[in-house]
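Colleague: Residue numbers are given in the numbering used here: position 534 of the sequence shown equals residue 534, and the series is strictly consecutive.
Keep in mind the hints are simulated off the structure, nothing from the lab.
Hints are not guaranteed to be accurate.
As the list claims (entries may be wrong) - DEER-style ranges, computed between Cβ atoms:
(1) Thr381 <-> Gly151: 48 to 58 Å
(2) Glu235 <-> Lys488: 21 to 31 Å
(3) Pro820 <-> Gly571: 17 to 27 Å
(4) Pro781 <-> Thr381: 35 to 45 Å
No residue lacks a Cβ here, since even glycine has one placed at the ideal position from N, Cα and C.
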Amino acid sequence: MNRTFCNVALAVPLRTTFTYAVPEHLRAGVQPGVRVLVPFRQKSLVGVVVDLPERAPEKAKIREISKVLDVIPALTPALIELGHWIAGYYLAPVGEVFRAMLPPVTELRAQQQITITAAGREFVDSTSNMLGEEFAAEEIALLSKLIAKNGILPANALEKSGLSNVVLQRLARRGLVEIRHSLLARKQKMQTILAWRTEDLEKGEPAHQSQEKRVRPLQGKALENFQEQIARVRELLEAQRGPLPLPQVLRLVDLSRSAVQRMLACGLLYSWEEPIDPAEDPFDVGYAPPAHELNADQDIALKRIRARFELGEFGVQLLYGVTGSGKTEVYLRAIQETLARQKTALVLVPEIALTLWMGRQCRAWFGARFEGVAVLHSALTDVERAREWWRVRNGDARVVVGTRSAVFAPLERLGLIIVDEEQENSYKQEETPRYHGRDVAIVRAKMENAVALLGSATPSLESYHHATTGKYELLTLSSRVENRALAKVEVVDLREEFQQTHQAGSISARLRAGIQECLASGTQALVLINRRGYSWSVLCRSCGASVQCANCSISMTYHKNRNRLECHYCGFVAQTPKNCPKCDSKYVYFFGEGSEHLEERLRKEFPTARIARLDRDTTRTKRQYQETLGAFAGGALDILVGTQMLAKGHDFHRVTLVGVISADGLLSMPDFRAAERTFQLLTQVAGRAGRGELHGRVLIQTYYPEHYAIQDAVKQDYLAFFERETNFRRTMGYPPFTSLANVIVRDTNLEKAIRWSRQLSEYFSPHNGQGARILGPATAPLARLKKEYRFQFLLKSPKRSVLTKLLTGALDHSEANEIPDTAVIVDMDPLSLM
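Kindly generate the complete structure, drawing on both the sequences and the hints.
Modeller: See below:
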């Protein structure tokens, strides 16, 4: 009889698939894209079938798959093709790639169960209750109990029966029982979302014109009250916030449920049910809804997007618009055009906080007239993420909004992929597979003949370079919505400040005066400092040593509120020393100022001001984060201090002052992207001021005001920065003019890390100068991280194919020399060289 085989990708750090035989009773269900349960070594793993070979490789024994988990393939043919491309381009284990693409296996609540095998039943029958020398009474008792319970017991029944886990493991090793996971259904919590109906869907009348005839049954004072309630609800849902959950509407407008029901009956509102998202923000503030009106720049951009759709072919468009220029409005119109052509759309955003807001805007625009919108991000539980994933796979959702991993959403007939804030580092995954969500989105669009639309106020140099060379089409939004002025940006030279005051304080005289003006006028201020904690490090003034992390080659940060030192890389915690650990001197000095110290200083200088801090230390839970932002947006705070999480995305209309404590921190990093990141951060944070009717002002404090990244950020002149930075990159041979790869060799044993680095160096050396330049091995900037010693190679080549071939050979060389797969990290197109 002819046997059927399948190649299965498993989530193991090996760059290969595994061949399994398909039992006769499972053949009908096995096809590329389905998930299967297979035996692997001494355990069972879930993998995905990638193809069905005509013949098996020549080896003695091929094991069979145990179970098919899907009725329809979890992955479409296009996603399987994309997975193979990622594995080849990023040199990642193919199984790890498909694991990132697949929905969680635990779609339903899992319960561990003990199941007796056929061998176990046969053993019980043959023993006839007589104990053999090899079997204990407890083992026979467990097998007998399984027989009595139809062969299945929940694992927690062991403890109740007084049987130990050792008994279970012994029986499992002998093949008499199996330990399995069963899946039980779980009920999902739902909520009602309200949105303002902008027009009468049946007659095409604007809601405000048909409002009067709809409320005629009310008379006198009741009618006046209802009209006031309508005005407040319309202002909230149409002008201020967009669609919101019913409880939020009731709280924010001080409304009764009966009034909402009346508005729904009148057709002023419409509603839908959606699952309660773990990212749900009960203080959902700081984001302005689209204006639903296009200015001239937006209209031109949309026409060019529409023209690309008319061509019916792949293309990449870069939507470059200044902060507050209305890119979201263009996104929504582009999605509308896509859906009208009976295709689907995918929207990627850099942060989880933005997924809910963008998803709700899409539901308000398309939910009532088109099929649903799905939201995918890592804050969802496995159950919720799997449920949303399968909604998309089954065709119940035509628009997907999500973070980086949503690029793998199983949409079919894909017509548009939007990547908002395409320059953000969060699109790059820093663990295997180390893919870049933006680049994968472009490749997926090409494979599925879709349009990729990238948007940013500060595009990455790579993307804007492609736009200037014609590889991408450039769309420009040159002014803010309603022609609002950009904030005025000023530089505070801290060198001059020190000469005048002879003090190195974090708050300059101009920033202090600016904050006082805000407090006097009743407006708000944002103060950005890109360091958390109280002090950067602890130094000994006698011997000069700093207190280092026990696991990493990095100074520990002092946190005053907790009175301890913390490592921000591995989480190691130590007590604050009274004496120097090295020389026992009592002259211990706390060096550098972080956000905690700045908050304390501001409270002393402005004792009547309402001040809060927003960083990872104060917002360890999502609720704390939401409460702080909600209080600030609601006017309950005057000054908000924080790290770079304040720099983008939020839309606070009463912020008239933004202060940047030190613009030099990123510039001092040993990374060729330091200037670009500095410019992007300063430009983004400048965009937080003056977003409403009030004029904004930004004060940037620096010791290096001459640097072009700071000078161009002050002018908010992206084109000037682009010209200067590309000249530097071209001269030094960095992207976008050169392809780059970073290779890290690591191990907890220093001697092994050195030996493996030398072995790789022996492979690389003959290739240096042969179409590629190879730097290293050298100690990595972070020489030790999480107890592992690290050595680094940096590879440059004008042709990416040269790097791919070279690195593939390096991994083969490592395998041949028995260097563990986990000891060599290959990062193609790295965003950080740390």
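Colleague: Run through the hints listed earlier and report the numbers of any the structure violates, in increasing order.
Modeller: 1
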